[in-house]
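Chains as they are written, first to last, in full-length UniProt numbering: chain A, 1 to 642; chain B, 1 to 642.
Derived by calculation from the structure, the hints in this document are not laboratory data. Any given hint could be a false lead.
The list treats identical chains as interchangeable, and a pair is accepted whether it falls inside one copy or across any two copies.
[Stated by the list, open to error] SDA-like mimics (lysine to any residue), calculated; alpha carbons at most 25 Å apart, straight line: (1) 492 / 626; (2) 513 / 101; (3) 538 / 91; (4) 486 / 341; (5) 359 / 540; (6) 111 / 157; (7) 194 / 415; (8) 593 / 37; (9) 495 / 366; (10) 194 / 592; (11) 262 / 298; (12) 131 / 66; (13) 245 / 150; (14) 593 / 66; (15) 538 / 490; (16) 65 / 318; (17) 615 / 150; (18) 241 / 527.
The chain contents come next:
Protein chains: 2
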Amino acid sequence: MPLGERGGWERSESRYCGVETDFSDDVPSLLSFHISTGGFDYVLAPLMNPSYRPSLVEGNGLDTKVLPVSGSDLVLAPSQWSSHVVGKISSWIDLDSEDEVLRLDSETTLKQEIAWATHLSVQACLLPTPKGTSCANYARCVNQILQGLTNLQLWLRIPLVKSDGDSMDATSEDLNDSWELWNTFRLLCEHDTKLSVALDVQSTLPSESSLGRWMGESVRAAIISTDSFLTNTRGYPCLSKRHQKLISGFFDHAVQVVVSGKPVHNLTKASDSNAEGTQKHPLRSYLDYVAYLFQKMEALPEQERIELGYRDFLQAPLQPLMDNLEAQTYETFERDSIKYIQYQRAVAKALVDRVPDEKASELTTVLMVVGAGRGPLVRASLQAAEETERKLKVYAVEKNPNAVVTLHNLVKLEGWEDIVTIISCDMRFWSAPEKADILVSELLGSFGDNELSPECLDGAQRFLKPDGISIPSSYTSFIQPVTASKLYNDIKAHKDLAHFETAYVVKLHSVAKLAPSQSVFTFTHPNLATKINNQRYKKLHFNLPSDAGSALVHGFAGYFDSVLYKDVHLGIEPTTATPNMFSWFPIFFPLRKPVEVHPDSPLEVHFWRCCGSSKVWYEWSVSLPTPSPMHNTNGRSYWVGL
Amino acid sequence: MPLGERGGWERSESRYCGVETDFSDDVPSLLSFHISTGGFDYVLAPLMNPSYRPSLVEGNGLDTKVLPVSGSDLVLAPSQWSSHVVGKISSWIDLDSEDEVLRLDSETTLKQEIAWATHLSVQACLLPTPKGTSCANYARCVNQILQGLTNLQLWLRIPLVKSDGDSMDATSEDLNDSWELWNTFRLLCEHDTKLSVALDVQSTLPSESSLGRWMGESVRAAIISTDSFLTNTRGYPCLSKRHQKLISGFFDHAVQVVVSGKPVHNLTKASDSNAEGTQKHPLRSYLDYVAYLFQKMEALPEQERIELGYRDFLQAPLQPLMDNLEAQTYETFERDSIKYIQYQRAVAKALVDRVPDEKASELTTVLMVVGAGRGPLVRASLQAAEETERKLKVYAVEKNPNAVVTLHNLVKLEGWEDIVTIISCDMRFWSAPEKADILVSELLGSFGDNELSPECLDGAQRFLKPDGISIPSSYTSFIQPVTASKLYNDIKAHKDLAHFETAYVVKLHSVAKLAPSQSVFTFTHPNLATKINNQRYKKLHFNLPSDAGSALVHGFAGYFDSVLYKDVHLGIEPTTATPNMFSWFPIFFPLRKPVEVHPDSPLEVHFWRCCGSSKVWYEWSVSLPTPSPMHNTNGRSYWVGL
């Protein structure tokens with residue numbers, strides 16, 4: 001009985017809620033009680049009798065013994081096993097014990113239980129938390145198992161703890177930060193996609209920065225103990241504000257909630273039984289509260305719903321200079337009204353600066369739209385002229401002959417023939433009949449200059465008057481380090497170098513932003529340098545918040561911000577982003593090997609913009625805390641054609 | 001005029017000695033002076049006028065200018081350029097300067113000089129030392145260049161310095177340890193094989209442990225300034241004992257010496273001119289001293305000369321259980337007389353323990369040689385019996401039918417028919433007619449158990465008497481972390497995962513041993529456990545010496561030591577190795593990604609011996625300072641067949 005139906009959330013895994021149970025050899029009754037009576041969607045149940053130890057089986061005659069599992073596979077239909085049961089691996093196992101007998105028993109049991117779970121076709125198994133800070137033998141064994149799995153998912157149970165004391169002693173036996181345990185385990189298992197986290201949410205939560213890291217990790221479940229619930233004025237369980245916020249974040253990241261433990265809220269008999277007098281499930285009030293939290297979440301805005309399918313989906317960036325855009329693409333971008341409103345504001349301000357009110361009726365401003373596409377910037381410019389009552393002459397320059405067709409129709413339809421001249425030509429090679437007062441363009445990529453706006457505008461500024469205005473007048477790219485295990489694994493799945501040296505356009509969602517973004521490259525137009533050089537080099541230092549704990553950096557999220565004219569800007573850098581604008585998703589620069597960063601040592605990153613005779617490309621590398629190899633040397637994997 | 005001709009050294013690059021010169025636009029005279037007059041083998045000379053700066057060339061009209069290089073390519077024959085000139089890249093270049101003009105000039109000049117050097121076909125160019133601790137832009141540019149090179153080698157000049165103060169401040173601007181600079185540069189250039197080090201040897205040398213690291217790095221040249229020389233009683237230049245030892249080490253690792261600087265030893269006129277009164281080259285006495293050091297090196301021992309071709313050459317380990325050895329292989333191993341002397345000593349001691357003197361003439365000891373091969377252990381056992389005057393009955397068990405042929409001939413030839421019974425059978429499956437007092441075997445691999453001695457002897461111990469003796473009675477494997485850039489690059493050249501997950505037998509030479517070896521797995525025979533388990537797991541911590549500085553670990557050198565009987569042992573672990581025994585080279589376990597280790601944080605390593613139904617394999621991983629992926633999961637890349 002999923003938690004509810006809300007706009008945009010119906011496809012999320014997080015609408016299912018499980019319950020952790022003890023071992024039972026009567027699984028049908030277990031299901032009946034927790035699912036039919038209790039209203040939970042599935043049980044998290046041990047598959048093997050917890051008293052089982054292989055070494056205690058008499059005479060080691062395993063071949064004549066039946067494994068003490070929770071009943072035959074036939075007690076449930078295969079679809080029931082698969083949809084209603086998550087296997088819970090025996091919690092006594094300890095593969096890193098000093099006790100060799102326990103270690104070997106643990107390995108044998110773990111392998112037997114996983115084999116049994118596979119036989120039952122359950123979807124996932126919960127692996128118990130590593131007992132100490134050392135987990136290499138456990139990880140070795142799980143890693144061996146992972147190589148043989150096809151469908152079964154493994155959830156490693158990790159307590160959500162991080163102490164404030166920052167003991168950096170690597171050999172300390174105390175667990176300061178459970179993320180470290182997860183990170184070691186997952187690196188030893190080489191980021192296997194079938195290995196995820198089940199977080200054990202405690203009554204005390206670590207800092208916000210520390211929690212934020214988990215949003216970029218592969219978290220599948222959040223197990224909330226009844227101990228973590230507070231009691232509201234009516235005696236019912238509820239959660240603290242911080243817990244509520246965390247759970248909402250989990251819902252938003254497809255994390256399933258599992259309720260665990262004994263009921264600790266003694267509700268009156270009256271409320272314990274429903275109208276028909278039948279007994280309620282003892283954990284029902286906890287489930288109800290989780291469902292209440294789920295249902296009170298705000299519905300996703302329309303634009304977010306449209307973009308749901310793009311979340312964390314890697315796209316190759318457009319190459320609008322080399323390739324011609326398709327009608328569909330123009331269609332999408334033209335719907336982004338906010339963008340054109342900003343352009344209209346910028347053009348209006350420029351027109352007023354250029355032509356004083358008293359000369360408005362006599363002076364005609366020459367405005368060139370370079371990269372006119374199907375005409376939206378022409379329209380915005382004409383609207384700005386109308387709004388400011390300035391006289392305008394427009395040249396609409398467009399290299400894509402297909403877009404020029406639409407442009408011609410637009411001009412005819414709107415009756416702009418006297419004002420707008422259409423030029424079907426690459427702006428870099430056009431011989432303009434006169435010089436422009438204002439050059440309007442929108443050649444920006446997610447990373448600002450990555451669709452070669454600098455090269456195009458350097459070519460076009462020949463026909464701008466010496467005191468002419470470029471809109472945009474400048475743009476700057478930004479990056480910030482992120483944890484993004486899903487993106488990393490999607491890139492890794494290609495099994496080649498090239499995909500790790502490519503920048504992707506992607507709607508970042510399951511991503512943890514580890515430090516504020518910083519500016520990378522800035523380009524200003526017109527460019528008045530005697531010798532224009534669009535190569536750039538920037539060295540950046542990022543520091544994680546001191547209370548965040550360590551984190552794994554899978555790459556860098558990139559953005560841009562552009563000054564269109566004076567105070568009119570346009571951009572996607574998170575802290576200054578233009579609201580409700582959807583033309584650009586961020587860009588993502590991956591790292592070939594993720595880098596672990598500690599709050600007390602900076603991450604030093606280098607970005608280069610390199611220019612060749614026929615292409616432009618980026619190279620990037622990390623030099624601290626440990627040097628990475630150079631990425632995309634000579635643009636061997638990813639480049640933008642001139 | 002190479003430094004000399006000594007046994008075993010004639011093939012070494014290190015017999016050439018160069019001299020560093022200033023810029024000259026008359027290269028033929030330069031060569032004549034330094035090579036013909038001076039006796040040096042080559043010059044290390046700037047190829048471009050040091051006053052050249054691209055940005056100062058008038059009007060930037062580079063297209064009409066001739067580069068200010070050291071004369072036309074035609075002034076020397078191509079073979080002269082290639083054998084007598086190493087190009088010295090302008091030392092003013094600084095690609096990580098804050099000054100953008102200098103940075104761009106540096107990049108342009110570096111690329112022009114490398115292009116010119118390639119045009120001339122010189123073999124190598126010396127890259128100037130990075131100016132600060134930051135070298136990312138320099139490395140990016142060199143890395144771009146490396147992608148396009150085929151024959152030209154680049155030597156990065158690195159001063160041989162390491163201060164004792166262990167400042168761990170990552171952002172410190174002072175260079176504490178020049179190895180860090182090299183390491184950053186080389187990691188950014190991804191271990192390119194065309195990038196090596198030229199070490200600038202200073203008058204003060206860092207600690208021994210710190211120097212030792214360089215023996216595992218790709219060092220091509222050692223540049224020794226005249227300032228670093230002392231003066232002997234006759235006024236001639238000489239080097240300190242520590243410098244001498246270092247230079248000998250370089251000679252032994254194919255590092256070429258280059259003499260640099262002005263003469264600082266004022267010798268009397270008399271000794272300055274030779275019999276004919278012609279003037280000597282001012283640096284001749286330094287060259288003579290280097291030649292003297294070269295010539296006084298001890299000739300290589302015979303066995304070392306034989307093994308020269310195996311130095312740092314990776315071999316797949318033998319699989320003598322799955323495959324049958326060839327006659328050639330038997331031949332080689334049988335020549336290792338020390339090994340059989342140790343066996344004879346062990347058998348003699350066991351015979352005396354087994355049969356007191358007074359019963360020597362009445363008791364016959366039953367001795368089985370399992371894995372008898374072509375008979376050397378049979379002979380050693382019989383000699384032990386003769387020496388101790390004990391009566392012996394020998395069963396020689398051998399699974400290789402080809403070796404059995406030779407064995408038959410041997411027994412006939414030696415007249416051993418009454419004493420020796422030949423059994424052509426796998427010891428694991430033989431039904432012995434009686435039980436043995438002594439079981440003799442030599443089934444050891446470089447890593448002890450890696451040729452499955454445990455599994456074979458577990459199978460053979462069925463026919464050992466309850467109080468019987470196994471020779472060997474135990475064996476232990478050892479590992480130690482090493483820097484081994486050549487081995488790493490040879491493995492990387494295969495461009496696959498499997499070669500990084502394979503253990504190799506290799507005569508380690510250009511390898512830096514970073515910490516004393518530690519024991520890994522031990523096996524004892526006979527194995528009296530009720531349930532024999534030959535799986536093993538060992539966690540090890542290694543600490544670098546505190547004065548070593550950081551180092552890069554490319555993998556682990558592995559060895560074994562075996563107790564044959566009581567105090568008679570046999571092994572290759574460096575500190576206890578049996579002298580003059582050559583049957584085993586060490587084993588090498590590589591790491592997929594080298595791990596940088598600092599003296600103040602331990603290296604934690606895990607080794608597993610895993611057993612399946614048809615194979616045995618090792619897995620290994622590093623968990624500190626940063627977790628590596630698991631190597632060779634489920635024996636996917638490397639295993640030994642049962």
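Structure-based check of each hint:
| no. | hint | result |
| --- | --- | --- |
| 1 | 492 / 626 | both (21 Å within a copy, 20 Å between copies) |
| 2 | 513 / 101 | neither (44 Å within a copy, 35 Å between copies) |
| 3 | 538 / 91 | between (50 Å within a copy, 24 Å between copies) |
| 4 | 486 / 341 | neither (36 Å within a copy, 61 Å between copies) |
| 5 | 359 / 540 | neither (48 Å within a copy, 84 Å between copies) |
| 6 | 111 / 157 | within (17 Å within a copy, 54 Å between copies) |
| 7 | 194 / 415 | neither (61 Å within a copy, 66 Å between copies) |
| 8 | 593 / 37 | neither (49 Å within a copy, 54 Å between copies) |
| 9 | 495 / 366 | neither (53 Å within a copy, 59 Å between copies) |
| 10 | 194 / 592 | both (20 Å within a copy, 22 Å between copies) |
| 11 | 262 / 298 | neither (31 Å within a copy, 80 Å between copies) |
| 12 | 131 / 66 | neither (28 Å within a copy, 71 Å between copies) |
| 13 | 245 / 150 | neither (35 Å within a copy, 58 Å between copies) |
| 14 | 593 / 66 | neither (45 Å within a copy, 44 Å between copies) |
| 15 | 538 / 490 | neither (28 Å within a copy, 34 Å between copies) |
| 16 | 65 / 318 | neither (63 Å within a copy, 40 Å between copies) |
| 17 | 615 / 150 | between (42 Å within a copy, 24 Å between copies) |
| 18 | 241 / 527 | neither (52 Å within a copy, 62 Å between copies) |
Going through the hint list in order, the structure does not satisfy hints 2, 4, 5, 7, 8, 9, 11, 12, 13, 14, 15, 16 and 18.
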